[in-house]
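Starting from the given sequences, assemble the full structure and let the hints guide the process.
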Amino acid sequence: MQILSYSTIVLAVAEGNEAAQSLYNALGFVWVGRREIYYGSGARNRIAADIMRFGLHT
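Start counting the sequence shown at 1; every next residue gets the next number (my numbering).
Because the hints were derived from the structure by calculation, they are not lab data. Since this is a predicted model, take the numbers as computed values, not measurements. Check each hint, because a few of them may be wrong.
[Unchecked claim] Here are the computed distance ranges between Cβ atoms for each label pair:
no., residue 1, residue 2, range
1, Ser5, Arg46, 30 to 38 Å
2, Ser5, Ala26, 21 to 29 Å
3, Tyr39, Met1, 30 to 38 Å
4, Leu11, Arg46, 14 to 22 Å
5, Ile37, Gln2, 31 to 39 Å
6, Tyr39, Gln2, 31 to 39 Å
7, Gly40, Val10, 17 to 25 Å
8, Ile47, Ile3, 35 to 43 Å
9, Asn45, Ala20, 29 to 37 Å
10, Met1, Arg34, 35 to 43 Å
11, Gly33, Met1, 34 to 42 Å
12, Trp31, Met1, 31 to 39 Å
13, Gly16, Arg53, 32 to 40 Å
14, Ser41, Met1, 23 to 31 Å
Glycine included, C-beta positions come from ideal geometry on N, C-alpha and C.
So this is what it looks like as structure tokens:
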């Protein structure tokens with residue numbers, strides 16, 4: 001059996017998804033950056049993602 005150890009969770013939230021951003025902020029995630037054109041396809045459906053991080057305490 002292999003035991004894995006992680007110290008950070010990183011996730012992407014669509015820009016404008018204020019409900020999800022508020023939830024993750026309340027859980028202790030912090031905003032660390034943005035990835036442009038992360039969601040969608042085509043010229044009109046390109047949405048950026050806010051990148052959030054949470055440090056795990058081991």
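A quick look at each hint next to the structure:
no., hint, in the structure
1, Ser5 / Arg46: 30 to 38 Å, "holds (36 Å)"
2, Ser5 / Ala26: 21 to 29 Å, "holds (26 Å)"
3, Tyr39 / Met1: 30 to 38 Å, "holds (37 Å)"
4, Leu11 / Arg46: 14 to 22 Å, "holds (19 Å)"
5, Ile37 / Gln2: 31 to 39 Å, "holds (36 Å)"
6, Tyr39 / Gln2: 31 to 39 Å, "holds (33 Å)"
7, Gly40 / Val10: 17 to 25 Å, "holds (20 Å)"
8, Ile47 / Ile3: 35 to 43 Å, "holds (37 Å)"
9, Asn45 / Ala20: 29 to 37 Å, "violated (18 Å)"
10, Met1 / Arg34: 35 to 43 Å, "holds (38 Å)"
11, Gly33 / Met1: 34 to 42 Å, "holds (35 Å)"
12, Trp31 / Met1: 31 to 39 Å, "holds (36 Å)"
13, Gly16 / Arg53: 32 to 40 Å, "violated (20 Å)"
14, Ser41 / Met1: 23 to 31 Å, "violated (41 Å)"
The structure fails to meet hints 9, 13, 14 from the earlier list, while all remaining hints are met.
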